[in-house]
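Asks: Each chain, letter by letter, is given below.
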Amino acid sequence: MIRINCPYCGERDHSEFSYGGDATINYPSLDASEKEWTEAIFFRKNIKGFQFETWHHSNGCRMWLVVERSTVTHEIKSVKPCHPNLQKVVENNK
Amino acid sequence: MTKFNAWNVIKNGLNGQSYWTRQWRDPEPKSIYDVVIIGGGLHGLATAYYLAKNHNIKNVAVLEKGWIGGGNAGRNTTIVRSNYMMPGNHEFYEHSLKLWENLSHELNYNVMFSQRAHVSLFHSPGAKDSVSRIYNIMRLHGTDAELWDLKTLKKKIPHLNYHNSRFPILGAAVQKRAGNARHDAVAWGYARAADTLGVDILQNCEVTGFTRKNGNIESIQTSRGIIKGKKIGFAVAGNTSVLWQMAELGNLPIESHKLQAFVSEAVKPLLDQVVVYGVGGAHFYISQSDKGSMVFGGDLDWYKSYAQRGNLPMVQDVAEAAMAIFPSLGRIRLLRHWAGVMDMTMDGSFFICKTPISNLYLNAGWNYGGFKASPASGWYFADLIANESPHSYVQNHNLERFEKGINIDERGAGPDPKLHG
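Top line first, the protein sequences correspond to chains A and B.
Number 56 in this note's numbering belongs to position 56 of the first sequence; there are no gaps in the numbering.
Number 321 in this note's numbering belongs to position 321 of the second sequence; there are no gaps in the numbering.
Keep in mind that the hints are not guaranteed to be accurate.
Okay, derived cross-link-like pairs now, SDA-like style, lysine to any residue, Cα gap no bigger than 25 Å in a straight line [said to hold, decoys possible]: (1) B:Lys-58 to B:Thr-196; (2) A:Lys-35 to B:Leu-249; (3) B:Lys-176 to B:Leu-243; (4) A:Lys-35 to B:Asp-416; (5) A:Lys-35 to B:Gly-225; (6) A:Lys-45 to A:His-56; (7) A:Lys-48 to B:Asn-398; (8) B:Lys-418 to A:Met-1; (9) B:Lys-418 to A:Arg-3; (10) A:Lys-45 to B:Arg-212; (11) B:Lys-3 to B:Leu-99; (12) B:Lys-418 to A:Ser-15; (13) A:Lys-94 to A:Ile-76; (14) A:Lys-48 to A:Met-1; (15) A:Lys-45 to B:Phe-113; (16) B:Lys-418 to B:Val-242; (17) A:Lys-45 to B:Leu-99; (18) B:Lys-228 to B:Glu-206; (19) B:Lys-154 to B:Ile-169.
No wet-lab data here; the hints were simulated from the structure.
Construct all of the structure, not just a fragment, from the sequences and the given hints.
Replies: Structure (structure tokens):
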């Protein structure tokens with residue numbers, strides 16, 4: 001079991017969450033070439049080691065999170081809200 | 001290598017089994033090979049075998065970082081079937097099934113291929129329509145496929161849970177020629193047959209880097225020294241992205257996920273078929289090994305991982321699915337469970353293709369289905385490497401299909417690797 005420290009709810013089992021995927025994808029502009037869109041939608045770094053990925057606390061607060069996790073050991077280094085402004089709100093409320 | 005036949009079995013029986021020779025050599029790496037296959041799993045070994053057998057290319061090395069049979073060759077549920085409908089896929093998997101049917105004779109090695117029927121249960125009229133469409137497409141292409149009504153199913157497998165009101169069993173889609181095989185025997189059989197034809201199988205030989213020259217890969221750095229190959233093939237599903245980036249080729253339409261499988265203690269004969277329970281969120285497949293163990297598996301662990309170990313929520317999920325259709329398994333004990341790392345691709349189909357490097361060829365992206373594909377995978381990968389152009393069955397199984405919009409998506413699940421079960 002992976003334990004994810006949700007900034008809103010505290011530490012919970014990963015079975016409360018849904019895995020999203022690579023959190024570092026930058027979608028190109030709408031008029032970008034097909035090559036760029038293909039790269040963004042279909043191609044992945046598939047990192048062996050620490051990566052940033054999205055998780056949805058689907059059976060909790062239903063917020064999207066960015067988790068820095070190792071794909072080898074499953075160790076988690078950091079958990080943040082997806083939306084950068086929400087990170088400030090969380091910090092101000094501490 | 002001593003051939004397996006009645007005479008040798010009797011002779012060695014009388015001699016205390018002392019005259020058997022080793023199954024394959026343990027050679028020192030040569031400095032250069034015509035073809036180097038990286039990955040000594042079922043696909044890599046099959047490729048080397050068919051390169052030597054079909055194309056007379058015998059100066060071949062297979063590099064394996066661990067030992068033969070120690071990777072995903074030993075981490076699967078051994079199911080063999082060809083119930084695919086997409087063009088390219090159904091011809092490919094049907095050819096694979098035909099190769100399986102003769103594999104024990106071909107390799108002079110009993111791979112214990114058992115065509116015990118693959119029984120895919122359906123639980124709603126919609127599921128019946130959907131599966132009927134797929135199985136009709138199979139019939140149109142000459143693959144055997146049939147539907148069993150409830151009466152037939154109850155007669156064949158009487159101890160399924162026919163009183164499940166949430167997912168009532170309405171019948172099953174069946175492929176009778178499908179079944180399973182002994183995974184170790186397949187790996188050893190291919191290794192032994194390839195070795196006999198002159199292929200060098202180099203174990204404990206991990207690739208650590210590549211040297212590029214004029215756009216090609218000139219040499220491979222390994223834990224057993226530098227090895228050169230005129231042509232190089234990747235067959236390392238699970239770790240394809242790692243090698244791909246080692247060759248500085250960037251990203252792939254692949255994510256590595258892990259899939260668990262389970263083996264119970266041995267029980268008396270209970271199940272004659274491979275049974276699949278796969279509708280409405282559940283995903284569960286089970287068969288009984290020749291030793292009597294129940295062998296079964298379920299979904300992926302849902303998050304990307306290179307760890308060869310599974311998580312407990314999925315153990316619970318699989319146990320629940322087992323109880324939903326086989327309540328008689330309630331008291332059975334697990335002997336062990338394991339996880340294998342798989343290439344999950346963006347459309348659920350594999351890659352046998354050329355790459356941006358002219359002397360490098362790619363075999364990857366086997367999702368849930370690598371085991372059954374092994375013979376045909378080796379066959380067509382060898383064909384690609386020898387002839388330098390893909391056979392028509394695999395002409396669209398390349399990396400360009402996504403940009404062209406010709407994805408081969410059996411499930412229609414879209415570009416989310418974890419959904420292509």
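Asks: All hints are to be evaluated individually against the structure, with a verdict given for each.
Replies: Structure-based check of all given hints:
no.	hint	result
1	B:Lys-58 to B:Thr-196	10 Å, holds
2	A:Lys-35 to B:Leu-249	16 Å, holds
3	B:Lys-176 to B:Leu-243	39 Å, violated
4	A:Lys-35 to B:Asp-416	19 Å, holds
5	A:Lys-35 to B:Gly-225	39 Å, violated
6	A:Lys-45 to A:His-56	21 Å, holds
7	A:Lys-48 to B:Asn-398	23 Å, holds
8	B:Lys-418 to A:Met-1	18 Å, holds
9	B:Lys-418 to A:Arg-3	21 Å, holds
10	A:Lys-45 to B:Arg-212	21 Å, holds
11	B:Lys-3 to B:Leu-99	21 Å, holds
12	B:Lys-418 to A:Ser-15	16 Å, holds
13	A:Lys-94 to A:Ile-76	21 Å, holds
14	A:Lys-48 to A:Met-1	19 Å, holds
15	A:Lys-45 to B:Phe-113	38 Å, violated
16	B:Lys-418 to B:Val-242	19 Å, holds
17	A:Lys-45 to B:Leu-99	35 Å, violated
18	B:Lys-228 to B:Glu-206	14 Å, holds
19	B:Lys-154 to B:Ile-169	10 Å, holds
Checked against the numbered hints given earlier, this structure breaks hints 3, 5, 15, 17; the rest are met.
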